[in-house]
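Residue-level listing of the chains:
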Amino acid sequence: DVKVTQSSRYLVKRTGEKVFLECVQDMDHENMFWYRQDPGLGLRLIYFSYDVKMKEKGDIPEGYSVSREKKERFSLILESASTNQTSMYLCASNPGSSASGANVLTFGAGSRLTVL
Amino acid sequence: GQNIDQPTEMTATEGAIVQINCTYQTSGFNGLFWYQQHAGEAPTFLSYNVLDGLEEKGRFSSFLSRSKGYSYLLLKELQMKDSASYLCAVRGGDYKLSFGAGTTVTVRA
Chain A
215 DVKVTQSSRY
225 LVKRTGEKVF
235 LECVQDMDHE
245 NMFWYRQDPG
255 LGLRLIYFSY
265 DVKMKEKGDI
275 PEGYSVSREK
285 KERFSLILES
295 ASTNQTSMYL
305 CASNPGSSAS
315 GANVLTFGAG
325 SRLTVL
Chain B
59 GQNIDQPTEM
69 TATEGAIVQI
79 NCTYQTSGFN
89 GLFWYQQHAG
99 EAPTFLSYNV
109 LDGLEEKGRF
119 SSFLSRSKGY
129 SYLLLKELQM
139 KDSASYLCAV
149 RGGDYKLSFG
159 AGTTVTVRA
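Chains A and B supply the protein sequences, listed in that same order. First residue of the first sequence: 215, per this note's numbering; consecutive thereafter. First residue of the second sequence: 59, per this note's numbering; consecutive thereafter.
By construction, these hints were calculated from the structure, which means they are not laboratory data. From a predicted model like this one, the values you see are computed outputs, not experimental measurements. Every clue listed holds true.
Calculated pairs, DSBU-like style, for lysine-lysine (alpha carbon to alpha carbon, straight line, at most 35 angstroms):
id: 1; chain 1: A; residue 1: Lys267; chain 2: A; residue 2: Lys217
id: 2; chain 1: A; residue 1: Lys271; chain 2: A; residue 2: Lys284
id: 3; chain 1: A; residue 1: Lys267; chain 2: A; residue 2: Lys284
id: 4; chain 1: B; residue 1: Lys154; chain 2: A; residue 2: Lys227
id: 5; chain 1: A; residue 1: Lys217; chain 2: B; residue 2: Lys134
id: 6; chain 1: A; residue 1: Lys227; chain 2: A; residue 2: Lys285
id: 7; chain 1: B; residue 1: Lys115; chain 2: A; residue 2: Lys285
id: 8; chain 1: B; residue 1: Lys154; chain 2: A; residue 2: Lys269
id: 9; chain 1: A; residue 1: Lys267; chain 2: A; residue 2: Lys285
id: 10; chain 1: A; residue 1: Lys227; chain 2: A; residue 2: Lys284
id: 11; chain 1: A; residue 1: Lys232; chain 2: A; residue 2: Lys217
id: 12; chain 1: B; residue 1: Lys115; chain 2: B; residue 2: Lys139
id: 13; chain 1: A; residue 1: Lys271; chain 2: B; residue 2: Lys126
id: 14; chain 1: A; residue 1: Lys271; chain 2: B; residue 2: Lys154
id: 15; chain 1: A; residue 1: Lys285; chain 2: A; residue 2: Lys217
id: 16; chain 1: B; residue 1: Lys139; chain 2: B; residue 2: Lys154
id: 17; chain 1: A; residue 1: Lys285; chain 2: A; residue 2: Lys232
id: 18; chain 1: A; residue 1: Lys217; chain 2: A; residue 2: Lys269
id: 19; chain 1: B; residue 1: Lys154; chain 2: A; residue 2: Lys267
id: 20; chain 1: A; residue 1: Lys271; chain 2: A; residue 2: Lys227
id: 21; chain 1: A; residue 1: Lys269; chain 2: A; residue 2: Lys227
id: 22; chain 1: B; residue 1: Lys126; chain 2: B; residue 2: Lys115
id: 23; chain 1: A; residue 1: Lys267; chain 2: A; residue 2: Lys227
id: 24; chain 1: B; residue 1: Lys154; chain 2: A; residue 2: Lys285
id: 25; chain 1: A; residue 1: Lys232; chain 2: A; residue 2: Lys267
id: 26; chain 1: B; residue 1: Lys154; chain 2: A; residue 2: Lys284
id: 27; chain 1: A; residue 1: Lys232; chain 2: A; residue 2: Lys271
id: 28; chain 1: B; residue 1: Lys139; chain 2: A; residue 2: Lys217
id: 29; chain 1: A; residue 1: Lys269; chain 2: A; residue 2: Lys285
id: 30; chain 1: B; residue 1: Lys154; chain 2: A; residue 2: Lys217
id: 31; chain 1: A; residue 1: Lys269; chain 2: A; residue 2: Lys284
id: 32; chain 1: B; residue 1: Lys115; chain 2: B; residue 2: Lys154
id: 33; chain 1: B; residue 1: Lys154; chain 2: A; residue 2: Lys232
id: 34; chain 1: A; residue 1: Lys217; chain 2: A; residue 2: Lys271
id: 35; chain 1: A; residue 1: Lys217; chain 2: B; residue 2: Lys115
Over 10 angstroms on every C-beta distance to chain A, these chain B residues come out as not near it, computed from the model:
id: 36; residue: Met68
id: 37; residue: Glu72
id: 38; residue: Gly73
id: 39; residue: Ala74
id: 40; residue: Thr84
Cβ coordinates follow ideal geometry from the N, Cα and C atoms, glycine included.
Using the sequences and the hints, build the whole thing.
Listed below in structure tokens is the structure:
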């Protein structure tokens with residue numbers, strides 16, 4: 215079964231700490247995405263990547279950065295965590311521009327981050 | 059930007075039918091998706107509409123009217139396992155996917 219795996223399901227960090235959220239996909243997908251999900255706001259796109267070492271800002275990139283050194287791995291970095299970054303973070307991937315049709319996103323199970 | 063609206067909550071009885079509406083205003087349009095998300099789990103793909111009309115997949119159907127900026131997801135013969143959040147998402151002219159806030163459906167016995 216195809217998978218998007220997020221390494222940490224639950225994290226608790228302190229304000230100011232550096233946080234790494236890791237995501238790995240085994241589908242050889244070109245595109246990878248990071249969303250955050252908050253009640254009443256839905257999923258909001260933070261960053262995405264359409265190729266190794268490429269990244270694009272989404273709708274809410276402030277306070278975040280990303281890294282894509284290998285095709286299968288996309289990391290989200292919070293340089294200095296703040297309490298307003300407490301959220302559920304979802305990683306996703308899809309085949310990319312070479313795919314026809316729906317080009318469906320496949321999601322990971324999520325990483326729930328609490329910043330104290 | 060994109061504006062996607064769907065009801066916050068709906069409740070229905072086991073065996074019944076529920077229709078979840080989604081209206082959208084987007085810059086360009088390249089498809090509308092419905093995802094299901096059980097509590098604590100990843101969203102999973104349900105349906106995709108890019109042309110007007112009804113797409114049927116077993117107990118679930120999705121409808122699209124591009125001229126009205128409107129879609130609905132129809133869930134028939136409701137089962138307890140259908141209790142979940144249902145997310146409407148629109149791919150705009152820039153090919154980015156924007157999500158509504160989700161509709162929580164509760165199925166009661």
